[in-house]
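**Student:** Chains as they are written, first to last, in UniProt numbering: chain E, 1 to 301; chain S, 1 to 301; chain X, 1 to 227; chain U, 1 to 227.
Keep in mind the hints are simulated off the structure, nothing from the lab.
Source: prediction; values computed, not measured.
Glycine included, C-beta positions come from ideal geometry on N, C-alpha and C.
Chain U regions said to be covered by chain X (calculated; three or more residues, Cβ under 8 Å):
| no. | region |
| --- | --- |
| 1 | 128-139 |
| 2 | 164-174 |
| 3 | 195-203 |
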Amino acid sequence: MLYRNLSFFLIEALKNLKGNFYLHLTIILIISISFFIFGTLLIFDTNIDRALSSISKDLSLVVFLKDDVASGSEDFLKLKKFLLNYPAVKVVHYTSRLDAYLDFKKNFKGYEKVVEEIEDNPFPSSFEVRIKENYSNKKELADLISILSKWKSVEGLSLSKDWVNHFFSFISLIRMVIWLLVALIGTGLILIIYNGIKLTIHSKGSQIEIMKLVGGTNWFIRGQFIFEGIIEGLLGSGMSLLVLYLAYNLMFQKITGAFSFIFPQQAFSFFSVNDTLLLIGSGTILGILGGVLSTTKYLKN
Amino acid sequence: MLYRNLSFFLIEALKNLKGNFYLHLTIILIISISFFIFGTLLIFDTNIDRALSSISKDLSLVVFLKDDVASGSEDFLKLKKFLLNYPAVKVVHYTSRLDAYLDFKKNFKGYEKVVEEIEDNPFPSSFEVRIKENYSNKKELADLISILSKWKSVEGLSLSKDWVNHFFSFISLIRMVIWLLVALIGTGLILIIYNGIKLTIHSKGSQIEIMKLVGGTNWFIRGQFIFEGIIEGLLGSGMSLLVLYLAYNLMFQKITGAFSFIFPQQAFSFFSVNDTLLLIGSGTILGILGGVLSTTKYLKN
Amino acid sequence: MIQLLRVDKVYEGGRWALKDINLHIKKEEFVFITGPSGAGKTTILKLIYLGDRATNGQILLFGRNLAILKRNSIPFLRRNMGVVFQDFKLLSDKTVFDNVAFALRILGTRKVELKTRVLETLKLVGLEKRSNEIASMLSGGEQQRVCIARAVVNEPALVLADEPTGNLDLDNANQVMDIFRALNLKGTTVVIATHNREMIEKTGKRTIILDSGNMAGENLPRQGDAL
Amino acid sequence: MIQLLRVDKVYEGGRWALKDINLHIKKEEFVFITGPSGAGKTTILKLIYLGDRATNGQILLFGRNLAILKRNSIPFLRRNMGVVFQDFKLLSDKTVFDNVAFALRILGTRKVELKTRVLETLKLVGLEKRSNEIASMLSGGEQQRVCIARAVVNEPALVLADEPTGNLDLDNANQVMDIFRALNLKGTTVVIATHNREMIEKTGKRTIILDSGNMAGENLPRQGDAL
Ligand SMILES: Nc1ncnc2c1ncn2[C@@H]1O[C@H](COP(=O)(O)OP(=O)(O)OP(=O)(O)O)[C@@H](O)[C@H]1O
Ligand SMILES: Nc1ncnc2c1ncn2[C@@H]1O[C@H](COP(=O)(O)OP(=O)(O)OP(=O)(O)O)[C@@H](O)[C@H]1O
Ligand SMILES: [Mg+2]
Ligand SMILES: [Mg+2]
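Could you put together the complete structure from these sequences and hints?
**Tutor:** As C-alpha cells, this is what we get:
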C-alpha cells in the first residue's frame, strides 16, 4: 500500500506540474534565482576569504640595494646569507636592476615610452624578504629592520603592506555590501516563498478541499504536494547550480586571470562536491517545507 | 463616463488587491526585490565608476630624499622649486621623515612595537609629485625621471601606481561579477515576471471570462487590471527604494568611511532625484505592461 | 432573430455535440430547447452567445453572420443578450449587487439609475435583502436567481437561459418563469434550455427537442398562446 | 444512525440557516429533505458530513458526537459516507475515471479491483465510455452523474445527495434514483435534499420539510414501502 501510494503521489505530482505549468515554472525560477544569487555571492566570498587569510600572513620587507652592489659581489653574498639565516625570515627573493626595469615595463603598460627615454635604469635591485607569520610582531623583526637600515650596501627598506592595506579596506567594503545584499535578499526571499506558498494554497485550495471532503487523510493529500515540492526544489537548486557552473566555466579565464594576478598563491575555485550536495539538499528541504506548509492551512479544519 | 469608469476601475483594483492579498503581495515583493538588487548594484557600480575615472588620472611620482637633506636646506628648496615649475607637474606634497614614520605607524597597526624598537627612523622624507593627466605619456615625464634620478639629494624614485594597479584588476573582477549577476538576474526576472503574469492570468482567468461573457469590452476589463498593475509597480519600486535608502543611511558611516579611505576625493552618494524618478517610473510601466499582458490572452477570443 | 443553417459542432477530441442543426427563432418568440443530458442544449446556446464558434454551417443573429463577425464586435453583440449559465458563472468574491450591476456598468449607466434598476431586479427574484452579501456564500438556488437577475437587468433584446430552474423549488421556478414571460411580452426574445418537462408543458410554448446532437423533433406552441 | 438534537446553525454575518432542528434518521432509512430555496437543506447535509460545525446542539453520527470529534478522525468518518454535492465539486482538471477512483484510492484499493469497480459504477450512470475525458469538459448533467458515481463507488454506509437530479432529464433522474434505491436495499442509509416534488411523490419515502431554517413538517413514508 505504501508503494502504491508513493507511486500514485509521484504520478499526481507530475500531472500537477504539467497541468499548472506556469505556476510551477515560476516557483522553480524563484528558487533557482535565489540559489543562483546566493551561490555567486558565496563562491565569491569564500574565495576572497581564503585568499585574504593567506595574503594577510604575507608581510614582506623589501630591501633596496645601492646601485654599486653587484649581484655576485662579496657584500651581496654576505647580505643574502645573513637574510637566509635570520630566524624571522621565511623566503628571500632577489630582483636585479634589469628585472625591476622589466617588471616596471610590464606593470606600467602605456608608460613604456617614458621608461625607454630614461637614460639610466632608475630602479634599484632588491631582496624581497618574506617574514614568518609568528614573527610579525616580535623583537627579531625590529632588530632585522635596525640592522638592515645600517647595512652599508642597503639603500632603503620598504614594508610592502601599502597597497594591501588599501586593498583590505576596499575588500571589507565589498564584503559588507555582499552581506548586506545577502541579508536583505534573504529576508525578501523568505517573504516571497512564504507568500508564494499562500499563493499555491489559493490555486490548490479547492482541490485540497474536495479531496478532504471525499475522505482523504492529511498525509494522503499532502503526499502529492510534497512530491511536487521536492521536484520543484530539486529542479530549482539544480538549475541554479548548472547555470552557475556554466557561467563559472565561461568566465573561468577572465576570473581566474584577474584573481590570480591579485592573489598569486590562490586558485579561484567552484563549490566543493559537499557544498553542491548541501545546496541541492537545502533546495529539496525547501520544497518539502513548501509542500507541507502550503497544505497545512487547508488541512486544519 | 470616462471619469465614472476610471473611479470604478480604481475601486475594483483596490478590492482585487485586498481580496487576492497574497498574490499581490508576492508580485509586489518580486518587483521590489528586483529593484532592490538592481538599485544596490547600480549605486555601487556608479560610485566605483566615478571614483575610478578620477583616480585613474592620478599618476604620481614619489621622490625619496637622502637622509641628510634637511627640509629648509638650499638643496631642498631648489628641488622643490624645480618640481613646482616643471610643466608636467600638477601638485607637490612633502612628507618629512617624521611624517613618514607616523604614517607608517598609523597604517601598520599591530607593528607599532616593531617600529618603536627600531633605533633610527628608517623612513626617508619624500616629495609626492602628482603628474598632469595629459603628460602621462610624454617626453617631459621621461625627462623629469631622468633629471631626478641624477639629482644629488634624491635617493630614489617610485612611480606610485603599484597598488592602484592591483586594485584596478581587482575592481574589474568585482565589476565583472556585478554585471554577470545583473545580466543573469535580469534574464531570470524577465522570466519570473512573464510567468508571474501567466500565473495572474490563471488566477484571474475565470473572472475575466465571465466579464467578457456579460459583454465587457477588452479595455473595460483591462481597466481595473491596469490599475492593479500600476499600484503594484509603484508600491514595488517605491518599497525597494525606501529599503535601499534606509540601508544606505544605516550603513552610511561605514560605507562612506571605507569608500573615502580609498577614494579620498570622492563622496559615496545615493541615486539622484532623476534616477529615483526613473526607477519608480519603470516600476509603473512594468505594472502597466503586466496588467495589459496578463489580460491579453483571455481577451483574445 | 436567430437562424442556424446546417450547423455542426465538433469539440476537440472529436465529440460531435451538434449535427446538421437547422433552426429559426423569430423576434419576440419564446422557445424551449429540451433533450436528455448531453444532447447539446448548452452547446447551442454557447454558439449563439459566441462562447464558441460552430465547426460548420452559418449562424445569423440580429442580422449578422457570426462566422465572419470581428472579435471586437462581440462585446457589443453580447450587450443585447442576457445569459443565464447552467453553472451560474458569478464573480464569486463580489457582492450580489456588484454581480448584477456589472451588466449595467459596462453600458455606462449612471450611478443613481444603476442602483435603482439593480435593486428592482433583485426584488423580482426575491433577493433584494441580500444585495450586500458575497455571491459565493449564497445557497445554490439563490445563486441561480442572482444569475437570472444579471441576465435581465438591462432588459436585453434576447435572453438565453440554460436550465434556469434546476436549483429552484416550484414557487421560485414559477416566479422566474413569470419574469421571462413578462419580458417576452415587452418584446424580448426568450430561449430556454431545460429538461423540466412539467415547466415546458405548463408554459405551452414552442419546444425544440434534441437528442445526441440531432434535431429529434419539435412541438409547436399551444393554440391560443402567442408565438 | 444520524441524530440532530436542537441544532442551530448561524453563519458568519448572523444569518440563521437552521433553527432548533431535531431529527432522527435510522439505519437503512431513505429520507428526503425538501423546502424552498435557502431553506437550509444544504446546510443540514453540510453539518452531517462535517463540512461545517453546528452553532448549538448535538449531532450524533455512527454513534459518535460530532461536536467533540477530533479533527484527524474526520477523514475516516467521511470514508463511510458518499456525498453528492449541489455544485458537484469535481477535480476539474482530472479525468472522469480519476475523479471516481479517488474515493477508492484513499482506501488503498488494489489497482485491478479499483479499475473494475470504477468502470462498473460509471456504467450505472451511463458514462462508461467517457472515463478518459476531463471532468470540466462534460455537460452539466454528465458532471452531476460523475459526482453521483464518486459518492457510491465505495458502497458507503451513508449516502448524502444534494439536489442530485437538478441537471438531469427524467430518464437519467429515474436511473439515478434506481441506484440510490438499490443501494438502500443493500443496507445503505440514503438522505436526499431536493426541491423536486414529483420525485419525492413518486418514491413515496419519508420527507422532512424545511422552511427558512425551521422544521416545517414531515411526511411519513407511504404504506407498503420499506422504511
Ligand atoms: N468543452 C467541451 N469539450 C469537449 N466536449 C464537450 C465540451 N462541452 C460539452 N461537450 C460534450 O458535448 C456534448 C453536448 O454537451 P452539452 O453541454 O451541450 O449538453 P447538454 O444538452 O447541455 O447536457 P446537460 O443537460 O447535461 O447540460 C456532451 O456529450 C458533452 O460531453
Ligand atoms: N457560507 C455561508 N455563509 C453565509 N450564509 C450562508 C452560507 N451558506 C449558506 N448561507 C445561507 O444560509 C441559508 C441556507 O442555505 P442553504 O444552502 O442551506 O439553503 P438550501 O436549502 O440548500 O437552498 P437551495 O435550494 O437554494 O440550495 C441561505 O439563506 C444562505 O444564503
Ligand atoms: Mg447543459
Ligand atoms: Mg442547497
